[in-house]
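*Asks:* Under my numbering, the residue at position 275 of the sequence shown is numbered 275, and the numbers go up by one with no gaps.
Derived from the structure by calculation, the hints contain no laboratory data.
Just so it is clear, CB atoms sit at the ideal spot from N, CA and C, and this is done for glycine as well.
Don't take every hint at face value.
Within a straight-line C-alpha distance of at most 20 Å, the following computed SDA-like cross-link-like pairs (lysine to any residue) qualify [what the hints assert, rightly or not]:
no., residue 1, residue 2
1, Lys521, Asp599
2, Lys497, Gln539
3, Lys251, Gly220
4, Lys249, Leu306
5, Lys185, Glu139
6, Lys338, Asn407
7, Lys251, Val276
8, Lys338, Trp323
9, Lys249, Ser228
10, Lys521, Val471
11, Lys6, Leu108
12, Lys212, Ala224
13, Lys254, Glu293
14, Lys559, Arg575
15, Lys409, Ala423
FRET-style restraints, in silico, Cβ to Cβ [to be verified]:
no., residue 1, residue 2, range
16, Asn88, Asp10, 55 to 63 Å
17, Asn198, Asp10, 43 to 51 Å
18, Ala15, His591, 36 to 44 Å
19, Arg214, Leu76, 44 to 52 Å
20, Asp56, Met242, 26 to 34 Å
21, Asp56, Val492, 57 to 65 Å
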Amino acid sequence: MVNRMKPFIDTIISANQRAFIPGHLISDNILVSFEILHYLRRKRKGKDGYMTLKLDMSKAYDRVDWSFLEAMLRKLGFANHWVQLILNCVSSASYKVIHGAHEIGPILPTGGIRQGDPLSPYLFILCAEGFSAFLRKYENRGWLHGCKVANGAPRISHMLFADDNYLNSKATYEEAHRIKEVLQKFELASGQRVNFANSSIFFSANTTDDNKERIVELLGVPIALEGSMYLGLPSSMGRNKMAALSYLKEKLRKQLQSWGSKFLSRESKEILIKTVAQALPSYLMSVFLLPLEIVRDMESMMAKLLVQSIPVLSRPTMGTLNWSLDLSGLYSMKSAYKLLHQLNGEFGLDVLAEDSCSSCVGSGGYWHGIATGDLFFGLCMNQFEMLDLNSANLLVALCWAIWNARNDKVWQDKVMGIEGIVASTTNYLNQWRVAQNSNNELLFTGFIPGDGAEQWSAQSVSSIKVIDAAVFNDSSTYGVGFVARDSSSFFVEGSTKLFHGSISPVVAEVIGVWEALSWIKDHSLLNVTLETDCLSIVQTVRSSMVIISLFGKVVSDCKNLLSTLRNVSFHFVKRSVNVAAHSFARASISHPDRLFNLDTVLIELLPNLVTEIFV
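Could you build the full structure based on these sequences and the hints that come with them?
*Replies:* What follows is the structure in structure tokens.
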């Protein structure tokens, strides 16, 4: 029925109504209405003032009188059979209410049209055409005078937007009385009611205050405030577009903040930005030309949502190219082989990841089957410890040369004699000794006293334990957590913090270290022992080597923080000593950005806080 009626709607509905009309947009009438409002703002001369009355119909669909609808259909020329079909569709609705275990109903309505029914919008604008006919009748009799914005322009007495309406007339008591008369007649005939509380009136600049007061008192409609909204747009637009349209930025900011608080992947955020955020200004842009500054600000906010997951360093640094598969940021053959194993089969590669002899696949199992599995290894270690340093170095170099000779035979069918293996051993050993005597600093240093603890021990100073193995790949987030204890092992404070983004676990760990150091600085603590179960972080912090990767840059920030703190030592411990802090990091997904003390700590975190001390 809707599809059969659509082609004829444009011929029976006046040009004052453009909502739901095929081939037309509601913005067509909005442009005309805003031109009139702009004219009224600038009209400061002339004896005749003008006004625009913005009407809001209360529960417009629910108040449609069926007898009025039938009369309008017949007046507009619809056939009796068609009118009867329409009335059958409208009056066949029934409702039931479930209250507890009881069903109340059926409830049979005696008026109104259903929301969501595809036929309802067209039936409503047919009823609204009756209101338009009332106004045209009064205008033809000279009782109402529409507004014209220029010489030769047509007079426009009203613009209809479904259940919202603009009425234009002279700002006189007589014409205001005529408008009230039209409204009362239309309400009585159609069942509609004007919501005067949500309606407003706008006067031209040359309207006297006396006329304004009399008209407002007669109609019971307040004067429109500067910056008020109507039809989702500012009711008036002055020279300062930035101020009038700033609400659009605030609306977008709230929308983006609601998305930022959810655990959405980068792809999900991109979809939301393209489908929702970028569509927010489209309606307004169909009427107004947005200032370039607002466009740039909105683009910046949308871009920020996408890139905010990138860890931001505390100080600006030069951009560098680095190899992300190695902590140093430098390319290494070892990391390349790891990458090849990950890509195995994806590009036709067949790189073997098996580290045993190609001809002895189950060699490890043979030793475990014969004895305990540690017999051969223990025998080798005992013999190795009996050798002096030079002999041990020579033995390792010889084993390495034999292994290389074996690989040449397997992969290149190249046989190396005893003399070649001995020469290769000597050459390799000499190169290794030269490297040991050079001034090149190793990236990772050795253990120092206090490293490698496997159980909790009370410190003579305050102790903070840092952990961040909480990388939540499903939601593209990662969390960090730390637990602070005093020298008596009592729990002082714990923290959970959640970040958006996809980064490696070790980078997430070092960000956790930075958060803990920042907490120490904010609390002005002295003599603190900082412990983490990530050995590479501890070794890199102790090293003076400059690392160009993201990991290295965050480590550099940690070093800068450490330089501002007094008596803060940094140690590596085993995971068994860091169970509580690890549980805090895992809890960040459900309790992000929280600080806990003994009174507010989560119940599920208490067991690890207690048992960790007694491991």
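*Asks:* Does the Cβ pair Asn198, Asp10 satisfy 43 to 51 Å?
*Replies:* Roughly 30 Å apart at Cβ, these two residues miss the hinted range, so it is violated.
*Asks:* Between Lys251 and Val276, is the straight-line Cα distance small enough, at 20 Å or below?
*Replies:* Holds, because 12 Å separates the two Cα atoms, which is no more than 20 Å.
*Asks:* Within a Cα-Cα threshold of 20 Å, do Lys251 and Gly220 meet the stated pairing?
*Replies:* Violated, at about 32 Å.
*Asks:* Is the Cα-Cα distance between Lys6 and Leu108 20 Å or less?
*Replies:* violated (29 Å)
*Asks:* Would you check the hint for Lys338 and Trp323, treating anything up to 20 Å between C-alpha atoms as holding?
*Replies:* OK: Lys338 and Trp323 at ~13 Å, within 20 Å.
*Asks:* State, for the Cβ atoms of Asp56 and Met242, whether the hinted interval 26 to 34 Å holds or is violated.
*Replies:* Given a distance of about 28 Å, which is inside 26 to 34 Å, the answer is holds.
*Asks:* Would the hint linking Lys338 and Asn407 be met if the CA-CA limit is 20 Å?
*Replies:* holds (19 Å)
*Asks:* Quickly compare the C-alpha distance for Lys185 and Glu139 to 20 Å and report which way the hint goes.
*Replies:* Distance of about 16 Å is within 20 Å: holds.
*Asks:* Please verify whether Lys559 and Arg575 have alpha carbons no more than 20 Å apart.
*Replies:* Judged against 20 Å, a Cα distance of about 23 Å means the pair is violated.
*Asks:* Within a Cα-Cα threshold of 20 Å, do Lys409 and Ala423 meet the stated pairing?
*Replies:* holds (17 Å)
*Asks:* In this structure, is the beta-carbon distance linking Asn88 and Asp10 contained in 55 to 63 Å?
*Replies:* About 25 Å separates the Cβ atoms of Asn88 and Asp10, which means 55 to 63 Å is violated.
*Asks:* Given the hint of 57 to 65 Å, is the C-beta distance from Asp56 to Val492 inside that range or not?
*Replies:* holds (59 Å)
Hint compliance for this structure: hints 1, 2, 3, 10, 11, 14, 16, 17, 18 and 19 are broken, all remaining hints hold.
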